[in-house]
Every structure is written in C-alpha cells, then in structure tokens.
Amino acid sequence: MRTFDYTRAQSPAQAVNSHAALGQPFYLAGGTTLLDLVKLDIMQPDRLVDINHLTLKQVEPLADGRVRIGALVSNTQLASHPVIRKRYAVLSQAILAGASTQLRNKATTGGNVMQRVRCNYFRDGISPCNKRQPGSGCSAIEGHNRSVHAVLGTSDQCIATHPSDMCVAIAAIGAQVTVQGPEGVRDIAFGDFHLLPGQSPWLEHALQPHELITHVTLDAPLANSRSAYLKLRDRDSYQFALASSAVIVVMNDQRITHARIALGGVGTKPWRAVEAERALIGQKPDMGLLTEVGERAMQGAHAYEHNGFKIPLGQQVVTRNLRDLTA
Amino acid sequence: LNGWSAVLAKTAPKLSDYPSELGKDRGGAPLKANPMTKTKDLQAPDDSVTKGISVVTPSRRNFLKFGVSGIAAATVSTWIPESVVAAQAMPQVVDDIDSPKVGEQRIRLTVNGQVHTLNVPANAILLDVLRDRLQLTGTKKGCDHGQCGACTLLVNGVAINSCLSIALQHDGDSITTIEGLCDGDTLHPVQEAFWDHDAYQCGYCTSGQIMSAVAILNDPNIGTDDDSVKEAMSGNICRCGAYKNILAAIQSARGKMRGAV
Chain X
1 MRTFDYTRAQ SPAQAVNSHA ALGQPFYLAG GTTLLDLVKL DIMQPDRLVD
51 INHLTLKQVE PLADGRVRIG ALVSNTQLAS HPVIRKRYAV LSQAILAGAS
101 TQLRNKATTG GNVMQRVRCN YFRDGISPCN KRQPGSGCSA IEGHNRSVHA
151 VLGTSDQCIA THPSDMCVAI AAIGAQVTVQ GPEGVRDIAF GDFHLLPGQS
201 PWLEHALQPH ELITHVTLDA PLANSRSAYL KLRDRDSYQF ALASSAVIVV
251 MNDQRITHAR IALGGVGTKP WRAVEAERAL IGQKPDMGLL TEVGERAMQG
301 AHAYEHNGFK IPLGQQVVTR NLRDLTA
Chain L
1001 LNGWSAVLAK TAPKLSDYPS ELGKDRGGAP LKANPMTKTK DLQAPDDSVT
1051 KGISVVTPSR RNFLKFGVSG IAAATVSTWI PESVVAAQAM PQVVDDIDSP
1101 KVGEQRIRLT VNGQVHTLNV PANAILLDVL RDRLQLTGTK KGCDHGQCGA
1151 CTLLVNGVAI NSCLSIALQH DGDSITTIEG LCDGDTLHPV QEAFWDHDAY
1201 QCGYCTSGQI MSAVAILNDP NIGTDDDSVK EAMSGNICRC GAYKNILAAI
1251 QSARGKMRGA V
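So the protein lines, in turn, are chains X and L. Using the numbering used here, read the first sequence as starting at 1 and increasing by one per residue. Using the numbering used here, read the second sequence as starting at 1001 and increasing by one per residue.
Read the hints as simulated data drawn from the structure, not as lab findings. Please read these numbers as outputs of a predicted model, since none were measured by experiment. Any given hint might turn out to be false.
What the hints assert, rightly or not - Here are the simulated lysine-lysine pairs, DSSO-like style, with alpha carbons at most 27 Å apart:
(1) L:K1141 - X:K39
(2) L:K1244 - L:K1256
(3) X:K86 - L:K1230
(4) L:K1141 - L:K1244
(5) L:K1230 - L:K1244
(6) X:K39 - L:K1101
(7) X:K57 - X:K86
(8) L:K1230 - L:K1141
(9) L:K1256 - L:K1230
What the hints assert, rightly or not - Reference listing, derived: stretches of chain L covered by chain X, where coverage requires no fewer than 3 residues with Cβ under 8 Å from a Cβ of chain X:
(10) 1114–1125
(11) 1138–1150
(12) 1153–1161
(13) 1182–1192
(14) 1213–1222
Every residue, glycine too, gets a C-beta built ideally from N, C-alpha and C.
Generate the whole structure from the sequences, applying the supplied hints.
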C-alpha cells in the first residue's frame, strides 16, 4: 500500500484546517471504503486526517421532533439505537440489510453517505472509467452491467449504482446533511447531496473542497406512519441490492394520506420516487393501484445489456413493500 | 516432534531431488530466508549460513513461514542456522523504546491484556502489525479487503475486520485476538464448542469465525434463533462449507460464556 501522512484531529475545525493543507487529503472515519480503495490504489491520499477522536458519536432527539446523528455513529449503533428502531424502523432495517456485522460495526454514518460505487471497472484500476479517470470512458456501458449498474439516472458517462442501503432509507425519511468547511457550517438537503453522473461522474456529491460531514439530521417521522425496507439480491445476506425499496405510509380510514418511496440498487443515487408517492395519496390501496405505483416508480428507466431485469424487479420491490405495509 | 513435524521430516524431499532451478527463486537467485521474517543472529558467525552446520527441526510454524521448498532446503542444506530458526519459532516481541523514525508514530495497544508500545508508519495495517510485529499469527489474512472475515478480532469488545484498519486508528484501544480467548490450557467455551462440533475443515477461517461468534453471543441486540445467527455470521466466509457445524457450535456455546470475553 502507498505511503501517506497521518494527522489525528481533535476538533472539526482542526480537521478542516489539516485537510486544507497542501496535497491530496482524505478524512478517515471507519475506513471500510477508504482503506479498501487505498489498497487497490484507486484512492491515492497524500494524507489521512483521522476524525475518529471527534465528539460526533451521539444520536440526539431534537425538540422539534427531528433526530440528529453524529457523523461517527457506527452503522451498528445507529441501527440498534432505541429511538431509531422505534421511530424510523425503515432506517434500522435498511442498515441491517447492508454489509456484514463486522463492517457495520466499523462503518460510520458519514462514511456510509460517502461510500464509493462497487462497479468492477471502477475498482479494477485498469479499465477506462470516468469516475477514476475523467474522460477515459465508461467500460460498464458496453461491458458486464448486471448487478451493480443502474437503470435510473444513468448517463453516457457512468451507470454505476449508489451502493448504500442506509441512504435509501434516509432519502425516504428526508434529512439535512450538516457540513463544516473553511467557510463555516452549512446544511445540504439530503436529496441534493448525491449528484447524478451526468457529464461529470467524478463529481459524486455536493461537498465543497475540504468540507467535512459532521451530522445527518433526520426529518421528524410522519405521525402514525409505518415503514419498511425490502431488499432483493442474489443471496440473502451480505450482498448489494439488485433492487430495494424504502417505503413509509400513513393510513387514515383505509386511505393513504402520506407516502414516501425511495429505491436502491437501480439508481445512480439513492432514488426518491416522488411521482409514485403522489399517485397513492387519498387512495385505497389495491393490487391494481400498487402495481401502477410500482411502474410509476421506475418511470424513465433505461435498460443496458444485462440489467433489463431490474426494471420489473424495481417495480415489484415497490409494489410488494407497499402491499405488505398496507395489508 | 509432533505429528505434523514427524511426517514432514520423513517426507521432505532433498533439494538434490529437484532440478537445479527449483533450488532458486523465479529470478534465478539462490533461495534465502524471507527477509520479512529474518531475525538477526548476533551469535552466529557470518559465514555459518553458507557453510551449513546445523540440522533444522521443521515445525508447523516454520513450514508456514518458509513454505515447502524452504523446509526441504533447510532440512538438508542447512542454509538457516539453528539458532535463527529457534528465534523464529519462539520470537521475542520487543516493544519500541526509541523515538519514532521519520514517517512513524508511536502507539499504545493493549493486546490480550498485554500493553505494547510500537512505532508504526501511517500505512501499517492493524492485521499486519499483530501478525508481523507481535507475532500473533492466529488472526488470518484472507482477502485483505474486508470481504471474507478471516481477520476478525475484537476492538474494545466489538468485532471488526482488522485488514481495514490502520494501526494508528487504534492507539489506546484494547484488542482481543484468538490467542487471547483461552485461559491457560482451558479453551474458551466457543473454542471448545468448535472442537466438539467439528466446525471446520481446513481451519483457515476458524479464528475469524470464532471471534465473530464470541461477539455475537455477547451482543444482546442479535437474536438467538438460527436465522439471526446465520445473518450475523454472514461476514465470515468458509470455503470448506462447514457452516452447518459452525452454526451448531455457536448455538451450543450459548449460555456457557460465563462472562468470557
């Protein structure tokens, strides 16, 4: 593995200052993505700024009903936190559907938001890849594009899916990402945090240079809501999604009054299906309606050579999740 | 000699049985001890390596370190002085007293209850520091990318993949490896259960499986039914496919932890 410098930050401000020095720095939290990719020489840091000693490890219910999560709360801690289990079941389920016990113990909330794509052409260090080497082309579009490649939000520059389960649940819940940078602190709406690949797939998120995620604050849960995460994959554990859905619904007198739908495994970012949500409002759920909503969630999908099956799979993962939640 | 060593001593081919190329590495250089594991021998005269004077006792550890050809060569041609092999068989773990060199930083790790002070470079991986510096080779390197679980150990009681940590991240941490589970000659209940249930074939993944199992059995957030255990263990891959027996072993150890790690 390449050599790099190491700085241990004691405060977010110190971390940002260390990061803003010369060279190519990265923040080190759990390291489950970063060190994997440094070993593969895909990420090439001159310096790691270790943020593990920052006091960003709290899950705090706020007075306005929201919940503020420190960037260093581990995936395991977040999934098992009583407030999350009770008020955001979909988030707890989504986190536990991802990775392995050991990885969830180490991976952090901020790191999960920042995780990189699993496209083999990105990870192999050789193939043309616009994320790794801007302008070199996308090998996946004409290559093997079955499992970790998207049908929604793709471009002629990149078709890799965003790999996170946690982020799909957060997209459905709604959240603000608080970041601290050289210019101060600001909030970014979660839906605006991850960028579509478009013509610049190497730009993956809305962070400005040196900005550090300090918190993710979840919107207050919808009153009387029920929620669930459904994940379909090649094997039943420790596998990235082929298609997944995070669904939150509120029912009143057998009619749906509020609905949130987000998809994973099919999009180049955690995919919120707003049109599909609208179609549910005021309706009594039956299989005809839920099938139509599933189709609407996948509207605009574009199939590549090996992943066309994800379009019906994405429809079904929404329809089935809605069916079970409204039963 | 234990069973494995006896077999090795009888069957190890002589170097002269091979075509001469096999006595060399791929680049044509004569075989020599792996520089990563070589220990400086202050007592042996410098020419002892080439003269060849001693008979090397093969052991499982030496076999793993030097490989088949290494043992074969060592058995007959004595290219490693006996004292060197002895030092490698029972390595001395020496903490760093000197100030860290340029590019290094000092860390303090408590490993299986023993405190170590080490100077490590920033890119030293926790797994490698335990295996190469502290000679705790029970923790295995499998995929080296957090995918197989062979390197699983406990940091402050929590199971992690030690291949995806730099050692500097763990300054001040308390680490438990497979070597830290047994109490003298008394096996940890999970080790005992793996033995009783034949929960392995080749054994390479076993220390990682056991460390994950210990963490799972101590975690009140993980269900006690078979499906919950299987789900929680899915980060530990067993290529021999001993999963059924591993599951049986874990379930049988439940309730026998008696406050063990």
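Hints, one by one, checked against the model:
Proposed proximity of K1141 (chain L) and K39 (chain X) is supported: the alpha carbons are some 14 Å apart, at most 27 Å. Simply put, K1244 (chain L) and K1256 (chain L) have alpha-carbon atoms about 20 Å apart, close enough for the 27 Å limit, and the pair holds. Between the alpha carbons of K86 (chain X) and K1230 (chain L) the distance comes to roughly 24 Å, so the proposed pair stays at or under 27 Å and holds. Simply put, K1141 (chain L) and K1244 (chain L) have alpha-carbon atoms about 23 Å apart, close enough for the 27 Å limit, and the pair holds.
Of the supplied pair hints, the one linking K1230 (chain L) and K1244 (chain L) holds, its CA atoms being roughly 10 Å apart against a limit of 27 Å. Between K39 (chain X) and K1101 (chain L) the CA atoms are separated by roughly 23 Å; this keeps the pair inside 27 Å, and the hint holds. Distance restraint check for K57 (chain X) and K86 (chain X): the Cα-Cα separation of roughly 19 Å lies within the 27 Å cut-off, and the hinted pair is therefore satisfied. The suggested pairing of K1230 (chain L) with K1141 (chain L) holds, with an alpha-carbon distance near 22 Å, which does not exceed 27 Å.
Only pairs whose Cα atoms come within 27 Å are accepted, and K1256 (chain L) paired with K1230 (chain L) is accepted, the gap being roughly 19 Å. Coverage of a stretch by a chain is defined here by at least three residues with a beta carbon nearer than 8 Å to that chain's beta carbons; for the stretch 1114–1125 of chain L and chain X the count is 4, and the condition holds. Here the stretch 1138–1150 of chain L counts 4 residues with a CB under 8 Å from a CB of chain X, which clears the bar of 3, and the coverage holds. For the stretch 1153–1161 of chain L, the assignment as covered by chain X holds, since 4 residues bring a beta-carbon within under 8 Å of that chain's beta-carbons and 3 suffice.
Counting residues of the stretch 1182–1192 of chain L whose beta carbon lies closer than 8 Å to any beta carbon of chain X gives 0, which falls below the threshold of three, so the coverage claim is violated. For the stretch 1213–1222 of chain L, the stated coverage by chain X holds: 4 residues have a C-beta nearer than 8 Å to a C-beta of that chain, and at least 3 were required.
Checked against the numbered hints above, the structure violates only hint 13.
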